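Please arrange chain B on chain A, whose structure you already have, making use of the hints.
2 protein chains.
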Amino acid sequence: MAKEIDNKEVVNREEDYSRWYNNLVVKADLAEQSAVRGCMVIKPYGYAIWEKMQKELDRMFKETGHVNAYFPLFIPKSFLSREAEHVEGFAKECAVVTHHRLKVSPDGKGVVVDPDAKLEEELIVRPTSETIIWNTYKNWIKSWRDLPLLCNQWANVVRWEMRTRLFLRTAEFLWQEGHTAHATSEEAVAEARKMVGVYAKFAREFMAMPVIVGHKSENERFAGALDTYTIEAMMQDGKALQAGTSHFLGQNFAKAFDVQFSNKEGKLEYVWATSWGVSTRLMGALIMTHSDNNGLVLPPTLAPIQVVMVPIFKTDEERARILAEMDVLKEQMQAKGLSVKIDDRDNLRPGFKFAEWELKGVPVRVVIGPRDLENGVVELARRDTMEKVSFPQAGLADEACRLMGEIQKNLYAKADAYRMANIRKVDTWEEFKVEIEKGGFLLCHWDGTTETEEKIKDETKATIRCIPMDTCICEEEGKCVYSGRPSSRRVVFARAY
Amino acid sequence: MAKEIDNKEVVNREEDYSRWYNNLVVKADLAEQSAVRGCMVIKPYGYAIWEKMQKELDRMFKETGHVNAYFPLFIPKSFLSREAEHVEGFAKECAVVTHHRLKVSPDGKGVVVDPDAKLEEELIVRPTSETIIWNTYKNWIKSWRDLPLLCNQWANVVRWEMRTRLFLRTAEFLWQEGHTAHATSEEAVAEARKMVGVYAKFAREFMAMPVIVGHKSENERFAGALDTYTIEAMMQDGKALQAGTSHFLGQNFAKAFDVQFSNKEGKLEYVWATSWGVSTRLMGALIMTHSDNNGLVLPPTLAPIQVVMVPIFKTDEERARILAEMDVLKEQMQAKGLSVKIDDRDNLRPGFKFAEWELKGVPVRVVIGPRDLENGVVELARRDTMEKVSFPQAGLADEACRLMGEIQKNLYAKADAYRMANIRKVDTWEEFKVEIEKGGFLLCHWDGTTETEEKIKDETKATIRCIPMDTCICEEEGKCVYSGRPSSRRVVFARAY
Chain A
1 MAKEIDNKEV VNREEDYSRW YNNLVVKADL AEQSAVRGCM VIKPYGYAIW
51 EKMQKELDRM FKETGHVNAY FPLFIPKSFL SREAEHVEGF AKECAVVTHH
101 RLKVSPDGKG VVVDPDAKLE EELIVRPTSE TIIWNTYKNW IKSWRDLPLL
151 CNQWANVVRW EMRTRLFLRT AEFLWQEGHT AHATSEEAVA EARKMVGVYA
201 KFAREFMAMP VIVGHKSENE RFAGALDTYT IEAMMQDGKA LQAGTSHFLG
251 QNFAKAFDVQ FSNKEGKLEY VWATSWGVST RLMGALIMTH SDNNGLVLPP
301 TLAPIQVVMV PIFKTDEERA RILAEMDVLK EQMQAKGLSV KIDDRDNLRP
351 GFKFAEWELK GVPVRVVIGP RDLENGVVEL ARRDTMEKVS FPQAGLADEA
401 CRLMGEIQKN LYAKADAYRM ANIRKVDTWE EFKVEIEKGG FLLCHWDGTT
451 ETEEKIKDET KATIRCIPMD TCICEEEGKC VYSGRPSSRR VVFARAY
Chain B
1 MAKEIDNKEV VNREEDYSRW YNNLVVKADL AEQSAVRGCM VIKPYGYAIW
51 EKMQKELDRM FKETGHVNAY FPLFIPKSFL SREAEHVEGF AKECAVVTHH
101 RLKVSPDGKG VVVDPDAKLE EELIVRPTSE TIIWNTYKNW IKSWRDLPLL
151 CNQWANVVRW EMRTRLFLRT AEFLWQEGHT AHATSEEAVA EARKMVGVYA
201 KFAREFMAMP VIVGHKSENE RFAGALDTYT IEAMMQDGKA LQAGTSHFLG
251 QNFAKAFDVQ FSNKEGKLEY VWATSWGVST RLMGALIMTH SDNNGLVLPP
301 TLAPIQVVMV PIFKTDEERA RILAEMDVLK EQMQAKGLSV KIDDRDNLRP
351 GFKFAEWELK GVPVRVVIGP RDLENGVVEL ARRDTMEKVS FPQAGLADEA
401 CRLMGEIQKN LYAKADAYRM ANIRKVDTWE EFKVEIEKGG FLLCHWDGTT
451 ETEEKIKDET KATIRCIPMD TCICEEEGKC VYSGRPSSRR VVFARAY
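Heads up: the sequence lines are chains A and B, in that order. In terms of the numbering used here, the first sequence is numbered consecutively and its last residue is 497. In terms of the numbering used here, the second sequence is numbered consecutively and its last residue is 497.
Don't read these hints as lab results, they were simulated from the structure. Note that the structure is a prediction, hence the values are computed from the model and not measured. Please note: incorrect hints may appear among the correct ones.
As the list claims (entries may be wrong) - Not close to chain A: a few residues of chain B, all C-beta gaps over 10 Å, as computed:
hint: 1; residue: Asn-23
hint: 2; residue: Pro-76
hint: 3; residue: His-99
hint: 4; residue: Asp-116
hint: 5; residue: Gly-266
hint: 6; residue: Thr-471
hint: 7; residue: Ala-496
To be verified - Covered stretches of chain A (in silico footprint by chain B; criterion: 3 or more residues with CB under 8 Å from a CB of chain B, positions within the stretch not fixed):
hint: 8; stretch: 28-36
hint: 9; stretch: 60-74
hint: 10; stretch: 97-108
hint: 11; stretch: 121-131
hint: 12; stretch: 156-164
In this text, a Cβ means the ideal position worked out from N, Cα and C, and glycines have one as well.
Same shape as in the complex, but just chain A (with noise of 0.2 Å):
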């Protein structure tokens, strides 16, 4: 899949960030529109990153409790209406299966669908599971021993957008749902925190990605929940993305599918529930918190390749010379658990390479010449800052290893400080008004309704993200930034994607 690169066909962030991040996604070979509209391929480097990333997520699940299970693709439609709201958020732009048989064309020119295999009842294929879910869990769910149930799925999903952007919004898209059962409201409450948890951890630890975890107001709440924790990052345009959210379903689902257990006292009470998920989107979340001009930006935890060999050489004898060297570091690093690639392909030259695995955001290049070679020594650079250094090749898989975790922390303190510089407290709306356009997060008085809460996304497209749930950054009393009514809390306004 070696391709010519010209790094000017991706253009500029501050030209066209919207360009540049499409540019990226498919020039640094992650993904592409497919042939079916709004449904994307991920390619095989974006695939990698994904891979990592569920290992990651799929560890914390499982260290948490959690166990995997597969449920059907396919909701009955009627299924969908049972849960009043969630009809109403879901049950709208779908894939409907109504028939399941083809045959060939009258004309014998390709296959028509057999109007005789009409469905009785059409198949939803899954926006989201609760629904079918809930119904199986009807026949789990007897008694409080059954109690909590903690299952988790890793599955594809169809949601009908219109305007889709590969990662961010597609119609098909990869995620995990956690859906758990419980026995009351306060350890369905904890489960649904601990999750939220879960997601601002891997998101600090392993995306290097600092995010403000909070509530979303009942406007933004998913489609049938009581309440919806959310994980809100700041990209490089200053624009908000949810990465992860996580909801109390109260006993909504347990109500709408009849689904009781008997308490320690031998009662019948409905259960609890939560559900949590987080998607391919964080694909997108990953690149536009770090990338630059030259291309992505991987944090060394989730990069496929973290180190790559670049040997620069004249004469055949040179070459062999120096990938043998190359052989025995690349070792030394794979034994301490780097995953290392020698770039050997004898028909690109240096400079080209370079520009490619800067693309790819590989964290560290290393590149070795035939005077390097005489001296023992290594070009060490870093994609992260673009620096260059001269280093012993005694010491390189243990400078290596030193250099991931230094990436890893400064990519994060990088996004971190520019997060801290675009979110600002605004209290007039008129200062609403210039500061929204600027990008960033607002820290806002709201006076909690739903109706402010619209007008002010009527106005300036900017909507709550959430009510941070670290109080000290938030509480304090103060007046409504749109209506003046009195506040006792500050909410994080912003666009979003």
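Chain B only, in chain A's frame:
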């Protein structure tokens, strides 16, 4: 999910193999029917086994140079018609998406399909992905330098089966599908053979399941393939189960989707293809290879729990002391890489627990009662032989590891002995009709015609499972068991799942 388990609800194998299988899948918490016709729910315990299979297969694919990617769930209807044989094989019973929106029903109750949201071209939920993938490869492959392209995808697929059985034949199932592109026919053939070899190795080493590797007859080939390689296993009722296939697709899909590459001489050539897959069907094969009337028997390499520990006690004080000792032993076994569970549920009798873990196929059970504790021993029971011995606590971790290896070997040996006892050469049609009723594999001469193959199938329901690649077991001159015409090799006939 603890329920009263009555093993008598699992009918004996000898009595009704098919019911025994279904009972087992449900009672051992592997899978169950869902509310959607033909679609199963894979329960956590079943999914944990599937995850172990995935992990090993994925490792083997990566070790042989493959990378994962993800392609769309939907296939435009017209794509299916591009490859003539493929459409014949797959564009029949499938899930057809015709609309992309629901709306509130005119009577206000529930939702109905919005007739205004009809798709211009219907989408098919992928029954297999050759068409959408080769349509994508068209843009990925330009030069011989882009080859070979070695991708795999883990995905769900849908084939609208009329008669379904848990794991063995379901409308939706989980699988992996490898799709590779090569510069030459020889390379593609070598790849298809290599991957059927990977499947055979996985079946033998991880599933402890002997298989015969062979070619499918033309009639049984994958729709669009020039050659299909298969691994065929023998279930305990003597029926065959096709456990994995690998296809040499020639240039059929490259021509259908116009995928050409410029070779080293700069000339355009069509690309050569393979595809290969295994699915959750392997779960059915695993169950029907080893399990018995007490329930599931799992090979240690795929068992989610390898050692279960059950305490026996009368007093709280005994319970505490035994559990403390178990914690120590558990840690010792975990340190050696074993997965261990202590069943400390206080509402169930030991006998009930024994039956439950036998039903779930846990390879080794460790029981400690007060007297064992005093004597520094445990009771050690093997699931495969149901043997029990007293063993010193001091050496338990090492012994448990040793047992894992021994059980794994024993399961393979047992399955292989059964298989060898049920493979027989048959040379006359009279004999064939008698022998096929007894089950097992019949090694017979066949004249190589589809006509004969179909007559045999019509009369006996037996099909050609494969033309073995291991020539020494089948290459000999003879006469077709049905037509009497000359034949140069025996093939495997059997009734199959």
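Structure-inconsistent hints, enumerated in ascending order
Violated hints: 2 and 3; rest satisfied.
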